[in-house]
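Take the two lone chains and join them into the complex the hints point to.
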Amino acid sequence: MAIDKNTVKYVAHLARIRLTDKELSVLSSQLEDIVTFIDKLKELDVTKVKPTSHILPVNNVFRKDKPIKSLNVKEALGNAPAQRDGFFTAPKVLE
Amino acid sequence: MKLNELTAHELIEKLSKREVTSLQIIDSIRDRIKSVDPKVKAYVRVSGSKFLDSSVVTRQPSSFLMGLPISIKDNICTEGYNTECCSNILQGFKPPYNAFVIKRLIDAGAEILSIKNNMDEFAFGSSTENSCFGPSRNPWDLERVVGGSSGGCAAAVAADEAIAALGSDTGGSIRQPASFCGVVGIKPTYGRVSRFGLIAFASSLDQIGPITKDVADCALVLKLIAGFDSADSTSVNIPVPDYSRSLVNDVKGIRIGFPREYFVEGIDKQVKEITLEAIEQLKVLGAHIQEISLPHTEYAVPVYYIVATAEASSNLARFDGIQYGLRSSAEQDSPDNRLISMYKATRGAGFGQEAKRRIILGTYALSYGYYEAYYLRAQKVRTLIKQDFDEAFKAVDCIITPTSPSVAFKIGEKIQDPLKMYLSDIYTISANLAGIPAISIPCGFTRNNLPVGLQILGKAFGEEMLFRVAYTYEQNTEWHLRKPKL
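Residue numbers (our numbering), protein chains in the order written: chain A, 1 to 95; chain B, 1 to 486.
Just chain B, with the same shape it has in the complex (with noise of 0.2 Å):
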């Protein structure tokens, strides 16, 4: 096998043996993006970067991660490398400084790819296909979407590309691409990983997360970037627990709820059929399964486009000309004075469809007049959604479900109906809501050899939990280890 080809804790047993070389690895990463990534385009801005032809490896090669290379999402930021959450308006952006993260990462001695993973624009989607670059392509089928919208990570972490990823997470934007792509994927419980240079979407929901190869890696991974960040007043002081002690094989006696809401219209018969056997699967293993009910799940979708777009809407005002990014001339015309005109001029030509729709919804929501009607009653039903899992961890201590109602969809089959791309996250959103973890693993794959992913949520800060069970499963299968042919 290939290095770039292999998980992050097999490359760290390598480096510690001292049989292969940070450089060695960054190598083969670079040779595969050479290969396949114009294929893929899970990276952007790769043309003209340095980065193809030089290695320099800066890490300390006695730190823990011994220089292993990690690839990163367009809008988290990263010292001198550009950020520019895949928008024109952010052209040219270079952070002064590095998120919480990637002080995390570096101090782990890692080596941060100076090329981005392709995204959304700002995150807003699912399909990567808002990305100003253009969309990444599906590993197992270029003619399908990646999900999103972490879709270029999940796409590079397929495709041998990148050895793991971070992406971030507002309503399922790590988990549904890990689906999508036949990866690992995890949000953790809100307050967990420190959003400080995570450029905001909506902060009540945003979580940064690792998406990798296999459960180990992912836990490997959420270990370095957890913890308390007094830079970020969300960041909740709890101690990191050390989630390789719950890479245990055994789910004997484990509570698993599958909530009755999940099964019903809108699912893909292959999707519901995989998802099915394995959550007959884990009973096999010896983990009591329950169907449980999460009543208020038809109304996540619509909180969600009015708390996201909201909380968008007010984030993104930050994007005006001024500070960074693109400038438009003011028009001469205008009615309104120069600076407005200025204003509208930029953020006119900067954002994409997709961000324009989501700022008007959440400006529409918060104006005077419908504030009570969209956005206060919103908040409230996102209690209601909540209480629902407070219930539901009554009696089960992890929920299974579908990550995706659908396996990856064409490119351009969603596209001009953004409602029916919204529905598509329909079993990713509650927890995000509710602020709890959530993981998706690979689970089967259609007849169209097209990868399935099981979602596994908890209770709040009971990640460990995510993981015991998702290594049982992934232990038991395969299905992590195919590869799609490129």
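Next comes chain A alone, as it looks inside the complex (with noise of 0.2 Å):
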């Protein structure tokens, strides 16, 4: 699977990063390296072989429905680079 400039800008696009021109070319040719790389994987059968996503045995983990001291509006907007009247503010997407 060859990884050329469109795919790369493909997927920065979905991953809502702006590359340079630069990076673009830079990254498509490291990325096909990594790629081939990991491409070693097929030489595998794994026909029969059932995924580990998680190493432990992951159950649900429920708590009892009671309130618990949590961060407060000015703790929670401490970080924000922008903020109004208690919300985090964010570019205007409708007009």
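Honestly, the hints are just simulated from the structure, not real lab data.
The C-beta atom is built at its ideal place from N, Cα and C for all residues, glycine as well.
One or more hints might be untrue.
The list that follows gives simulated cross-link-like pairs (lysine-lysine, PhoX-like), each with its CA atoms no further than 20 Å apart [unchecked claim]: (1) A:K48 / B:K386; (2) B:K410 / B:K420; (3) A:K40 / B:K380.
Simulated coverage check for chain A against chain B, where a stretch passes if three residues somewhere in it have a Cβ under 8 Å from a Cβ of chain B [as the list claims (entries may be wrong)]: (4) 41-50; (5) 58-65; (6) 69-82.
Pair ranges (Cβ atoms, derived) [as the list claims (entries may be wrong)]: (7) A:K50 / B:F228: 24 to 34 Å; (8) B:A373 / A:N59: 27 to 37 Å; (9) B:G134 / A:S25: 20 to 30 Å; (10) A:D21 / B:E291: 45 to 55 Å; (11) B:G412 / A:K22: 12 to 22 Å.
Pasting the structure below:
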């Protein structure tokens, strides 16, 4: 599978990362090498193998529905680059 | 010996006899940072930090650690102290809470240093060169890397700029720098230590662990930070043993395996010789050594770079310029709407090259049409790698390997070739994929006086066996007592 500039451009869009033209060409050649290396996994027959997404048996964890102490609005917004009236602010999407 | 040169257990003894105060220890650490950190760069945001000009000890003198200072990797949340993962995108981030491990240390009476240890951005790397603050330098040879990603922790401990440190390990990030710097580091079993407050890289692989000057300190710090935490859904509720009881100088009858796949191509000749000598020494001390096979070893690196980057691409979606850190302005001429344009500009400016590379690789592996070919297949091969270990542990109590195929390489040597850099994690990655514990201890020096690390891997929740074997080896050798000249 070849990773060309257009693929990287599309994936960078999905990942919401702006890349310069230079980054785009360096990344496509590096990712091409990496993916070729990773293709080694295709040597193995894994049709009967179950995937491991987690090493431990993971179960749902429930707790009692009781209020606990959490961050107040001031603490929660303490690191926000922009805020107003107790909310995070973001660029306008709808005009 | 100066106080900063001592181990945690030696200092705890002195503190309890009232021979020293916590303030004196912190002063000695500060003096050492002032004199050698401009060369080593184990800490970040040092200039402008209040830490260098005033001493405040806030802990109870009656507590277990009595104000013993501990230094922390820049990706573990410390309330009110900058925690930036050495990334521009988290510039100025001050967590409003402490990680579970920090709470535990504070409760035990530790003094948490307000300046943090350098690391590869978001723990992406094996050399600490991917830090937005620039690389740390190896105390044994300032032209060489410290390893990574917990390189600042390992360098600080090796250079006596810290008594002990907490790092994190996703594919070797505690063990490989410990090996490059000649100190001790353990990656605990997955689920043994809470990840609450560790800024996530790959959630199914990440674990926090100590980097220390000797095995006894490693056991001491792990005991303090291990245990169940309801805030981490993958934390395991199994009682924490008293690891100090594992510090027994005896390996008679212990069955140790060495995997033949780890001693073939790609390994440095001196590293191989030194590791084989260490194995020979354990044999002399009474251990039963046998060759074993981990047949899927060569697939560990490709599996890791799918699983870890996929999880990272998802975890790093939160850095969007809204909740914390950097925000760049939307571009005027962008075809996207202003919100998406702001995301792209922020992430384009805030992430370094390796972070971008990994997020894009991970997004690619998870994207439509490639999910089955890459991500699902990698998860299946992960099962095979885990089964290799399950099989091996039927015959042996622990497994010994080199920690890294090489000693510390030169700064700049691998940074332009990501694949070459990834392959330097070949011996450490499998433990994360299988979820098992692994420790690295010093086992010798090359002719150029560079440290070599020995890795011991054990069964899940079998840290006691690792400490016993590591302690025995350490008590019968003197590698851990050597200090770099700075």
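Evaluated hints:
1. A:K48 / B:K386: Holds, because 15 Å separates the two Cα atoms, which is no more than 20 Å.
2. B:K410 / B:K420: holds, 13 Å
3. A:K40 / B:K380: Roughly 14 Å between the alpha carbons, so the hint for K40 of chain A and K380 of chain B holds.
4. 41-50: holds (count 6)
5. 58-65: holds (count 3)
6. 69-82: holds (count 8)
7. A:K50 / B:F228: 24 to 34 Å: The hinted range 24 to 34 Å holds for K50 of chain A and F228 of chain B, with Cβ atoms some 28 Å apart.
8. B:A373 / A:N59: 27 to 37 Å: holds, 30 Å
9. B:G134 / A:S25: 20 to 30 Å: Since the Cβ atoms of G134 of chain B and S25 of chain A sit about 26 Å apart, the hinted range of 20 to 30 Å holds.
10. A:D21 / B:E291: 45 to 55 Å: holds, 52 Å
11. B:G412 / A:K22: 12 to 22 Å: Cβ of G412 of chain B to Cβ of K22 of chain A: about 19 Å, so the range 12 to 22 Å holds.
Consistency note: the structure conflicts with none of the earlier hints.
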